[in-house]
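Peer 1: Please construct the entire structure, taking both the sequences and the accompanying hints into account.
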Amino acid sequence: MDGNAKKVVFMLPVLLGVLMVIYALYLDLFYKNMAYRGILLVLGFLLVIAGLYFLPGKRHRMIVNGLFLLPLLGAFVITVLIPFLFGIFYSFTNWNGIGFTQVVGLANYVNMFRSPDYLYSLVITFLFTVVNMIFVNFTAFALALLCTSGARGRNFYRASFFLPNLIGGIVLGYVWQFIFNKVFPSLFKGSLSMLTDPDLAFLAILIVSTWQYAGYIMMIYVTGLQSVPKDVLEASGVDGANGLKTLFHIKLPMIANTFTVCIFLTLVNSFKQFDLNFAITNGAPSRILGAKAIASTEFLALNIYNTAIAKNQYAQGQTKAVVFFIILAIVSLTQVTISKRREIEL
Amino acid sequence: MSRRKFRGTIIELIALILSLLVLSPFILVIFNAAKKSAAIVISPIAPPDNWGQMIVNLQNVIHNQNFSYWRSFSSSLFITIVSLGLLTLFSSMAAWVLVRNKTRWSNVIFMTFVAAMVIPFQVVMLPLLSTFRELSSFIGIRLLSSYTGIIIAYLGFGGSMSIFILHGFIKGVPRELEEAAWIDGCSPEGTFFKIVFPLLKPVQMTVLILNGIWIWNDYLLPSLMLGLNGRIKTLPVAVSSFVGSYVKQWDLILAAAFLAMIPIIILFLLAQKQIIQGMVEGAIK
Numbered sequence: 001m002d003g004n005a006k007k008v009v010f011m012l013p014v015l016l017g018v019l020m021v022i023y024a025l026y027l028d029l030f031y032k033n034m035a036y037r038g039i040l041l042v043l044g045f046l047l048v049i050a051g052l053y054f055l056p057g058k059r060h061r062m063i064v065n066g067l068f069l070l071p072l073l074g075a076f077v078i079t080v081l082i083p084f085l086f087g088i089f090y091s092f093t094n095w096n097g098i099g100f101t102q103v104v105g106l107a108n109y110v111n112m113f114r115s116p117d118y119l120y121s122l123v124i125t126f127l128f129t130v131v132n133m134i135f136v137n138f139t140a141f142a143l144a145l146l147c148t149s150g151a152r153g154r155n156f157y158r159a160s161f162f163l164p165n166l167i168g169g170i171v172l173g174y175v176w177q178f179i180f181n182k183v184f185p186s187l188f189k190g191s192l193s194m195l196t197d198p199d200l201a202f203l204a205i206l207i208v209s210t211w212q213y214a215g216y217i218m219m220i221y222v223t224g225l226q227s228v229p230k231d232v233l234e235a236s237g238v239d240g241a242n243g244l245k246t247l248f249h250i251k252l253p254m255i256a257n258t259f260t261v262c263i264f265l266t267l268v269n270s271f272k273q274f275d276l277n278f279a280i281t282n283g284a285p286s287r288i289l290g291a292k293a294i295a296s297t298e299f300l301a302l303n304i305y306n307t308a309i310a311k312n313q314y315a316q317g318q319t320k321a322v323v324f325f326i327i328l329a330i331v332s333l334t335q336v337t338i339s340k341r342r343e344i345e346l
Numbered sequence: 001m002s003r004r005k006f007r008g009t010i011i012e013l014i015a016l017i018l019s020l021l022v023l024s025p026f027i028l029v030i031f032n033a034a035k036k037s038a039a040i041v042i043s044p045i046a047p048p049d050n051w052g053q054m055i056v057n058l059q060n061v062i063h064n065q066n067f068s069y070w071r072s073f074s075s076s077l078f079i080t081i082v083s084l085g086l087l088t089l090f091s092s093m094a095a096w097v098l099v100r101n102k103t104r105w106s107n108v109i110f111m112t113f114v115a116a117m118v119i120p121f122q123v124v125m126l127p128l129l130s131t132f133r134e135l136s137s138f139i140g141i142r143l144l145s146s147y148t149g150i151i152i153a154y155l156g157f158g159g160s161m162s163i164f165i166l167h168g169f170i171k172g173v174p175r176e177l178e179e180a181a182w183i184d185g186c187s188p189e190g191t192f193f194k195i196v197f198p199l200l201k202p203v204q205m206t207v208l209i210l211n212g213i214w215i216w217n218d219y220l221l222p223s224l225m226l227g228l229n230g231r232i233k234t235l236p237v238a239v240s241s242f243v244g245s246y247v248k249q250w251d252l253i254l255a256a257a258f259l260a261m262i263p264i265i266i267l268f269l270l271a272q273k274q275i276i277q278g279m280v281e282g283a284i285k
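Protein chains in written order, with the UniProt record's numbering: chain A, 1 to 346; chain B, 1 to 285.
Keep in mind that the hints are not guaranteed to be accurate.
[As the list claims (entries may be wrong)] Result set (DSS-like, lysine-lysine): computed pairs, CA atoms no more than 27 angstroms apart in a straight line:
hint, chain 1, residue 1, chain 2, residue 2
1, B, K248, A, K189
2, B, K248, A, K251
3, A, K230, A, K340
4, A, K245, A, K340
5, B, K5, A, K230
No lab work stands behind these hints: they were computed from the structure.
Peer 2: Structure, rendered in structure tokens:
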């Protein structure tokens, strides 16, 4: 078959596909009950694509590129991009999860900053992020030093430190709820569960979060520590530097970029903490602040979830989520900029 | 020398104690999944008297209507495997196009993918539901509480990081290989599937592991998109709804937790090195 005949043959499926799509859209707009319109739409779409693919011509390469990009880009656009843009728009309306009747401007934002439970969860999320970042990185680095000290059986304890990180936060959260409610009170006879006291419940989440995440961060530090050249360490040993001196003057400065990575990861991860929070305390116990009961361990992610899903205030929940995004973006960009600058100085 | 040996022994001892401490929650799960609830009340720490009780507990949980282990296990497995397969294939294809065609548009698309990594799930989760609902009624194909919908969602959410990691790797693949194939008469798509795709294996491992751990353990997305009591349930959602309906029945809850943990622990024991390496490399890149 020569080029022209091919062109004519493969124009047919393209045209047929376009017609099918148009007919499906027509059905969709006027006869909502036609059951096959979805299949018709998808089939028509596929026909157009197939026809275009086989159509000979100079643009073949471009069509192939488009087809290669299409599946992932399509999924990304409908799951991330469109919902993100709509999400920002909905935060200015009285959206109820299905539709909205009016644009309310900044009212949601004003309400949000007036509600004490939101301000409270903002504060404890920041607190949690900072303390958790310190806990996790400190523990992880100590474990990494332990794991690179050349002791026997290090594969076993490396794997055991790493293991908690593989199990999902939901399952681990329930297990730890059991430990706090049953095991600890039985170990320390007569004590109440940590989860009944607002401050101790906060500490409980910190403990679990460190336990879960430190092993992962440890492995990154291990990789960093192993990348420090052996001859540099030997040279420092010959010069008479002891273990601590080597640590502070050679190892730490040489793995500065590992610190950047680890601090960034723990920062973002702690800030977004949801699963453990949800499964261990779900915000409980409540704390009395100025004659109002407030969920004492409700971090931002959980606060957003509860506002929208439990209290059915979709627009308000969406507004909180938008602010959550803005804070997260600012915090993570600032952190990266600062640590990058520090790295260069070192 | 003996002093150094002594120090080494101390370090090993500390490491051993610490790892047992870290593992203790898992040990407690195994112990208490093999007890009756009365025995848990008496002592939650002691090893069980009768390991046979574990089988009874596990059977109780497996046959429980709210948990339906085999169904939720196979749903989780199906969702994870299909999402991972498509994600690896599609993100490799997309990343290759974005690297090899340097235009203004490819740059914009790549930057959009990268920038989207900062977006927390909470911002998109509510509008995602309404977008999918609208789209679903528009094209007449079920997207909420269906495998199609959740797999598309995992493609969308996993795409950013996968593209980012693959993009970095493909830049290092020599272009000459592709040009040689081109001269030998290979089509562009043939070049990709026969030459480039096999070369990406090591980095695809990283993409698979990072996304696999996340998708397998994810709770929020399946709980919203599939519903808590829908016909499809993933394992984390099943555990959560089981705990909700058997509040404080720790013997059953821990048996359920045990069942939910066991697949990934077995996988970890089989492919420890690859899993650790994959996750660490993904983080560093």
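Peer 1: All hints, please: hold or fail.
Peer 2: Right, here's what the structure says about each hint:
1. B:K248 with A:K189: 20 angstroms, holds
2. B:K248 with A:K251: It is violated: about 48 angstroms lies between the C-alpha atoms, which goes past 27 angstroms.
3. A:K230 with A:K340: The given pair, whose Cα atoms are some 25 angstroms apart, holds under the 27 angstroms limit.
4. A:K245 with A:K340: With Cα atoms ~24 angstroms apart, K245 of chain A and K340 of chain A stay inside 27 angstroms; holds.
5. B:K5 with A:K230: 21 angstroms, holds
In terms of the numbered hints stated before, the structure departs from hint 2 and from no other.
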